Amino acid sequence: MEAIGHAGTCLGIIAEDGVLLAAERRNVHKLLDEGYFSDKIYKLHDNMACSVAGITSDANVLTNELRLIAQRYSLQYQEPIPCEQLVSWLCDIKQAYTQYGGLRPFGVSILYMGWDKHYGFQLYQSDPSGNYGGWKATCIGNNSSAAISMLKQEYKSEGVKLAEAMKLAVKVLSKSLDITKLTHEKVELATLTRDGNSCKITIMTATDVQKLIDEYEADEAKASAEKKEKEKASKS
Amino acid sequence: MSIMSYNGGDVIAMMGKNCVAIACDRRFGIQAQTVSTDFDKIFEMGPKLFVGLPGLATDTQTVAQRLKFRLNLYTLRENRAMKPKTFMSVVSNLLYEKRFGPYFIEPVVAGLDPKTNEPFICSLDLIGCPMVTDDFVVSGTASEQMYGMCESLWQPDLGPDDLFETISQALMNAVDRDATSGWGAKVYVIEADKVTIKTLKARMD
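Going down the list, the protein sequences come from chains X and U.
By this note's numbering, the letter at position 163 of the first sequence is numbered 172, and the numbering carries on one by one without gaps.
By this note's numbering, the letter at position 193 of the second sequence is numbered 226, and the numbering carries on one by one without gaps.
Everything labelled a hint here was simulated from the structure, so no lab data went into it.
Just so it is clear, the structure is predicted and the values come from calculations on it, not from any experiment.
Just so you know, not all the hints are guaranteed correct.
Claimed, not checked - A few chain U residues that don't get close to chain X, going by computed Cβ distances all over 12 Å:
#1 I63
#2 V68
#3 S69
#4 T108
#5 Y129
#6 F133
#7 D167
Said to hold, decoys possible - Partial selection, computed: residues in chain U whose CB lies under 7 Å from chain X:
#8 Q98
#9 F102
#10 N105
#11 L106
#12 L109
Unchecked claim - Restraint ranges, calculated between C-beta atoms of paired labels, are given here:
#13 U:Y129 to X:D101: 33 to 39 Å
#14 U:T149 to X:S97: 42 to 48 Å
#15 U:S122 to X:T214: 44 to 50 Å
#16 X:L112 to U:S122: 34 to 40 Å
#17 X:L112 to U:K148: 57 to 63 Å
#18 X:E224 to U:K234: 52 to 58 Å
#19 X:G14 to U:C162: 52 to 58 Å
#20 U:C162 to X:T211: 55 to 61 Å
#21 X:Q85 to U:C162: 26 to 32 Å
Glycine included, every Cβ here is placed at the ideal spot set by N, Cα and C.
Full structure from sequences and hints, please.
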């Protein structure tokens with residue numbers, strides 16, 4: 010749990026027409042080789058993706074297992090696995106490591122986003138103990154409590170579209186991250202939407218992420234300029 | 034009665050110029066009785082990768098599902114589409130695992146390389162022996178007839194439209210000479226930018 014508290018922030022938000030996951034990329038080191046595309050957000054199946062916070066090696070083992078579980082279900086029942094079942098299956102495995110064997114638990118918290126025909130868009134969070142819960146918006150990792158309190162204030166459960174939710178995600182991330190300025194290299198954003206009869210998981214490109222960040226900063230600058238105007242007006 | 038001819042069915046794949054075509058008949062029968070006329074034996078495994086599985090119908094379905102399983106895991110882990118040649122190895126491996134109690138299908142793989150769009154066709158026997166060719170591959174109950182038709186009709190470097198005509202004529206005339214094949218055909222022409230699927234109405238008997 011300690012390791013997770015220091016790990017890169019991940020947050021998830023459900024909107025009317027989709028779910029999104031945003032993650033802070035910690036490894037932005039000049040010397041690091043940018044081999045792969047996404048290092049915090051993983052696609053699990055056509056209808057589910059997840060983002061992890063904690064010990065990366067543990068996360069790799071778990072995401073692999075999640076993918077296998079989803080495929081086995083799909084092979085047996087010839088339909089995509091319902092979200093809660095996948096989460097609960099993995100959590101049963103995580104729990105076993107806390108009770109039997111003398112092995113240490115997996116030091117990872119996972120945020121899952123998915124769609125199924127039973128409950129629509131869903132967001133789940135699981136922790137090393139094997140507990141899981143369904144959320145409308147939540148955050149794990151570094152400064153997650155600050156982010157969660159911000160989400161509590163700003164999140165509207167009715168009538169929020171994905172575009173608004175993305176703006177909210179950028180806002181919460183920029184306020185709760187340690188770094189001074191938000192750039193597209195530090196943030197990974199993925200969305201899950203329904204396109205007709207199938208799910209679409211998109212990992213946003215660097216340019217799109219940068220556009221969102223720029224929009225947010227423009228809004229912020231406008232808001233603080235307006236505030237200053239008001240203060241000046243009230244003083245004089 | 035051979036188990037490979039219990040349900041009946043055929044698949045052909047042909048190589049063209051920067052394209053491949055794969056076609057199958059649509060009959061599902063139990064020996065002499067025709068049960069369904071929309072049983073396709075070709076499955077899409079990737080945007081430009083198709084596999085045809087003629088033979089015992091239950092194995093057609095099971096193998097298609099198991100192949101999709103392996104292919105999905107590969108795609109998720111490696112974050113890229115599988116090359117047709119690699120897919121051929123996956124099929125071969127899956128079939129040889131059942132060396133002494135095999136799946137009764139003789140698959141045909143057709144596709145384009147995801148990056149270079151190089152065309153690729155191959156066929157395998159029921160225990161996984163792969164055979165890559167650069168002209169055509171056939172498999173099914175009317176294989177002798179199909180070999181004859183393809184050998185006469187095929188020429189190298191056919192364009193997509195000509196390839197469609199050639200493969201359609203080869204398949205339709207071959208299956209007309211086989212009692213347990215036919216009842217329509219489905220032809221997939223796979224090019225770099227699109228896949229065209231056409232359903233043919235043949236002799237419905």
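Outcome of the hint check:
1. At the 12 Å boundary, the C-beta of I63 of chain U stays outside the reach of chain X, the nearest C-beta of that chain being 22 Å off.
2. The beta carbon of V68 of chain U sits about 20 Å from the closest Cβ of chain X, which is more than 12 Å, so the claim that it is off the interface holds.
3. Interface exclusion of S69 of chain U from chain X stands, the closest Cβ pair being 18 Å apart, more than 12 Å.
4. A Cβ of chain X approaches the Cβ of T108 of chain U within 12 Å, the least distance being about 9 Å, so the stated non-interface status is violated.
5. Non-interface call for Y129 of chain U relative to chain X: holds, since the shortest CB-CB distance, roughly 20 Å, exceeds 12 Å.
6. Its beta-carbon lying about 23 Å from the closest one in chain X, F133 of chain U satisfies the requirement of being farther than 12 Å from that chain.
7. Every CB of chain X lies more than 12 Å from the CB of D167 of chain U, the least distance being 34 Å, so the non-interface label holds.
8. Among the interface hints, the one on Q98 of chain U holds; its C-beta lies about 6 Å from the nearest C-beta in chain X, closer than the 7 Å criterion.
9. Using the Cβ-Cβ criterion of 7 Å, the hint placing F102 of chain U at the interface with chain X is satisfied: the shortest such distance is roughly 5 Å.
10. With a cut of 7 Å, the hint placing N105 of chain U at the interface with chain X holds, because the nearest CB-to-CB distance is about 6 Å.
11. Because the smallest distance between the Cβ of L106 of chain U and any Cβ of chain X comes to about 6 Å, under 7 Å, the interface hint for this residue holds.
12. This hint holds: L109 of chain U has a C-beta 5 Å from the nearest C-beta of chain X, less than the 7 Å allowed.
13. At roughly 34 Å, the beta-carbon separation of Y129 of chain U and D101 of chain X lies within the given 33 to 39 Å, and the hint holds.
14. Range check, T149 of chain U to S97 of chain X: about 43 Å between beta-carbon atoms, so the 42 to 48 Å window is met.
15. Remark: the range hint 44 to 50 Å for S122 of chain U to T214 of chain X is contradicted by a beta-carbon distance near 33 Å.
16. Remark: the range hint 34 to 40 Å for L112 of chain X to S122 of chain U is upheld by a beta-carbon distance near 35 Å.
17. For L112 of chain X paired with K148 of chain U, a C-beta distance near 42 Å fails the hint of 57 to 63 Å.
18. Taking 52 to 58 Å as the suggested C-beta distance range, the pair E224 of chain X and K234 of chain U conforms, at roughly 55 Å.
19. With their beta carbons about 56 Å apart, G14 of chain X and C162 of chain U fall inside the hinted range of 52 to 58 Å.
20. A beta carbon spacing of about 41 Å between C162 of chain U and T211 of chain X contradicts the range 55 to 61 Å that was offered as a hint.
21. Between Q85 of chain X and C162 of chain U the C-beta distance comes to about 29 Å, which sits within the given range of 26 to 32 Å.
Consistency note: the structure conflicts with the earlier hints numbered 4, 15, 17 and 20.
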